[in-house]
Amino acid sequence: EADIYQTPRYLVIGTGKKITLECSQTMGHDKMYWYQQDPGMELHLIHYSYGVNSTEKGDLSSESTVSRIRTEHFPLTLESARPSHTSQYLCASSEFRGAGGEQYFGPGTRLTVT
Amino acid sequence: AQSVTQPDIHITVSEGASLELRCNYSYGATPYLFWYVQSPGQGLQLLLKYFSGDTLVQGIKGFEAEFKRSQSSFNLRKPSVHWSDAAEYFCAATDNAGNMLTFGGGTRLMVKP
Chain P
944 EADIYQTPRY LVIGTGKKIT LECSQTMGHD KMYWYQQDPG MELHLIHYSY GVNSTEKGDL
1004 SSESTVSRIR TEHFPLTLES ARPSHTSQYL CASSEFRGAG GEQYFGPGTR LTVT
Chain R
433 AQSVTQPDIH ITVSEGASLE LRCNYSYGAT PYLFWYVQSP GQGLQLLLKY FSGDTLVQGI
493 KGFEAEFKRS QSSFNLRKPS VHWSDAAEYF CAATDNAGNM LTFGGGTRLM VKP
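As you go down the protein sequences, you meet chains P and R in turn. Each residue of the first sequence is one higher than the one before, counting from 944 in my numbering. Each residue of the second sequence is one higher than the one before, counting from 433 in my numbering.
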């Protein structure tokens, strides 16, 4: 069974705070992704990684940054949170080859910046 | 440019009625196709996928989808909808060149009792 975890599930934080959203997967997948999704809206890819030490920006410009020091871990950081960052953040992973690019998703982190 | 379109933003059906959610894609070659479901406040769960072969694909929770090359479509169907099927449904595609998934805008399904 696919296991991908995100913590925290919900976060309410004040403007200007630094936050890190955690994402971990136990499937040994090389590729990992971060999506931003406003309620009832489509998914926007903000970051992805092909493997350790690989990070790329996605289609939607984001003030967040990511790192990939270990295969299983792909945290997302906001240095200074703002109300415009309020959204749901979804992490996903997939195999580098094969499986046709199927992605496995975590449960999401709902971030509210006050 | 590659794209996935879900023409219906919202659909409401009565419980027990049949369901069809539309998905159209624009790709140079036959893409790999997926349907995901998202319950409120949750991540996305894969319902089914099409890679090749039989154009009618069976998935989890009683869903199926049919790939129609001539119409560039991959519509999702269910013969009898349950109240628990109320959710957001996303169609997605990739060209299997190691490229990203392209998602449609989603269709919100509401189920009337």
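FYI, nobody ran anything at the bench for these hints, they're computed from the structure. Treat each hint with caution, since some may be false.
Examples of chain R residues toward chain P, derived with CB under 10 Å [unchecked claim]: (1) G473; (2) L478; (3) I492; (4) F495; (5) H514; (6) W515; (7) A518; (8) E520; (9) M532; (10) L533; (11) G536; (12) G537.
Every residue gets a Cβ at the ideal spot worked out from N, C-alpha and C, and that includes glycine.
Structure-based check of all given hints:
1. G473: holds, 7 Å
2. L478: holds, 7 Å
3. I492: Check failed: Cβ of R/I492 comes no nearer than 13 Å to chain P, outside 10 Å.
4. F495: Since the shortest Cβ distance to chain P is 16 Å, the answer is violated.
5. H514: violated, 21 Å
6. W515: Given a least distance of 19 Å, the restraint on R/W515 is violated.
7. A518: Check failed: Cβ of R/A518 comes no nearer than 13 Å to chain P, outside 10 Å.
8. E520: holds, 7 Å
9. M532: Holds - the Cβ of R/M532 comes within 10 Å of chain P, reaching about 6 Å at its closest.
10. L533: Status holds, d = 6 Å.
11. G536: Interface hint status for R/G536: holds (7 Å vs cutoff 10 Å).
12. G537: holds, 4 Å
The structure shown violates the earlier hints numbered 3, 4, 5, 6 and 7.
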